[in-house]
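Please build the complex by placing chain B on the supplied structure of chain A, with the hints as guidance.
Chains as they are written, first to last, in this note's numbering: chain A, 1 to 192; chain B, 1 to 78.
Misleading hints may appear alongside valid ones.
[Claimed, not checked] From the structure, some residues in chain B lie toward chain A, with a derived Cβ separation under 8 Å:
#	residue
1	Asp6
2	Met13
3	Asp23
4	Asn44
[As the list claims (entries may be wrong)] Straight line, CA to CA, 27 Å or less: simulated DSS-like cross-link-like pairs of lysine-lysine:
#	chain 1	residue 1	chain 2	residue 2
5	B	Lys75	A	Lys14
6	B	Lys67	A	Lys7
7	A	Lys79	B	Lys73
8	A	Lys6	B	Lys67
9	B	Lys73	A	Lys70
10	A	Lys79	A	Lys50
11	A	Lys133	A	Lys183
12	A	Lys60	A	Lys70
13	B	Lys75	B	Lys60
14	A	Lys70	A	Lys125
15	A	Lys60	B	Lys67
16	A	Lys79	B	Lys52
Calculated directly from the structure, the hints in this document are not laboratory data.
We treat Cβ as the ideally placed atom computed from N, Cα and C, and that holds for glycine.
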Amino acid sequence: MTEEEKKDSTRIAKLFRDYSDYLYNFAITRVNDEHIAEDLVQDTFVAAIKSIKNFESKSKESTWLTAILKNKIIDHYRKKVNQYKKESIETLHDTNDYFDERGSWRVDQRPTDWHLDSGHSIDQKEFYEILQKCISRLNELQRITFVMKHLDDADTEDICKELKITTSNYWVIIHRAKLQLRKCLEVTWVNN
Amino acid sequence: MISCEDATQLVVMKNGESLRFYDRMRLRAHLMMCKYCSRFEEQNRIIDEHIKELGTVTLKEMPGDAKARVEKKIKPSG
Numbered sequence: 001m002t003e004e005e006k007k008d009s010t011r012i013a014k015l016f017r018d019y020s021d022y023l024y025n026f027a028i029t030r031v032n033d034e035h036i037a038e039d040l041v042q043d044t045f046v047a048a049i050k051s052i053k054n055f056e057s058k059s060k061e062s063t064w065l066t067a068i069l070k071n072k073i074i075d076h077y078r079k080k081v082n083q084y085k086k087e088s089i090e091t092l093h094d095t096n097d098y099f100d101e102r103g104s105w106r107v108d109q110r111p112t113d114w115h116l117d118s119g120h121s122i123d124q125k126e127f128y129e130i131l132q133k134c135i136s137r138l139n140e141l142q143r144i145t146f147v148m149k150h151l152d153d154a155d156t157e158d159i160c161k162e163l164k165i166t167t168s169n170y171w172v173i174i175h176r177a178k179l180q181l182r183k184c185l186e187v188t189w190v191n192n
Numbered sequence: 001m002i003s004c005e006d007a008t009q010l011v012v013m014k015n016g017e018s019l020r021f022y023d024r025m026r027l028r029a030h031l032m033m034c035k036y037c038s039r040f041e042e043q044n045r046i047i048d049e050h051i052k053e054l055g056t057v058t059l060k061e062m063p064g065d066a067k068a069r070v071e072k073k074i075k076p077s078g
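Next comes chain A alone, as it looks inside the complex:
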């Protein structure tokens, strides 16, 4: 190993110590699978090793690593979505658990009052954990679409292009995801 290689490898080891938890957490909130999150973190560092020479230390290390990870996540989404897309879009259209044939809320599905106005504050950690759990229960296509929109704040147009879905399918997916999330939060968080 040359001096320079040694220096790079020490630097990578330090980056790993500093950012592996952050990147792992970033990945797992988006892919919802420990093994995949581990693989993505690994792929991120493998890519980082290759490009560390071009990395200018004036930009932030965490930003640089997160950008690499984001690309790895998008690649993962592309692969996943091709497997799930067709069947998921079809089932989205013909299941209607929330509304009756006239489009009104079914009696047992009507949103209840969460009583958040009575000075009752949200326990942040608990809320996030339940929110994460509820997101993980969405189907693959819903989850990916939802995460891209809300966690990563991507443009609708970009998401549709990336996932090869139409805008109207996109809104159906988001609508269904929101209905399911709301219900899940109500059942697991509000009623507890």
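Just chain B, lined up with the frame of chain A:
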């Protein structure tokens, strides 16, 4: 009047996207008369407010054995 199913669809769409004037009016009229969809709107807003932060809150650290595996893989072989 639009149905609850349509109204909730518009609620979800109005965030970030600009609804057509006509849809905005139809949604407003529906929400004035439907407490369930009004609740949906409020709760949808709560979800949106919290969800952005979800990506930055640390809920799960990388398990030690996973770290060890990855560290081994990224160590230079030499």
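Outcome of the hint check:
no.: 1; hint: Asp6; result: holds, 6 Å
no.: 2; hint: Met13; result: holds, 6 Å
no.: 3; hint: Asp23; result: violated, 12 Å
no.: 4; hint: Asn44; result: holds, 6 Å
no.: 5; hint: B:Lys75 - A:Lys14; result: holds, 12 Å
no.: 6; hint: B:Lys67 - A:Lys7; result: holds, 21 Å
no.: 7; hint: A:Lys79 - B:Lys73; result: holds, 24 Å
no.: 8; hint: A:Lys6 - B:Lys67; result: holds, 21 Å
no.: 9; hint: B:Lys73 - A:Lys70; result: holds, 20 Å
no.: 10; hint: A:Lys79 - A:Lys50; result: holds, 24 Å
no.: 11; hint: A:Lys133 - A:Lys183; result: holds, 13 Å
no.: 12; hint: A:Lys60 - A:Lys70; result: holds, 15 Å
no.: 13; hint: B:Lys75 - B:Lys60; result: holds, 24 Å
no.: 14; hint: A:Lys70 - A:Lys125; result: holds, 24 Å
no.: 15; hint: A:Lys60 - B:Lys67; result: holds, 22 Å
no.: 16; hint: A:Lys79 - B:Lys52; result: holds, 25 Å
Violated hint for the displayed structure: number 3, the only one.
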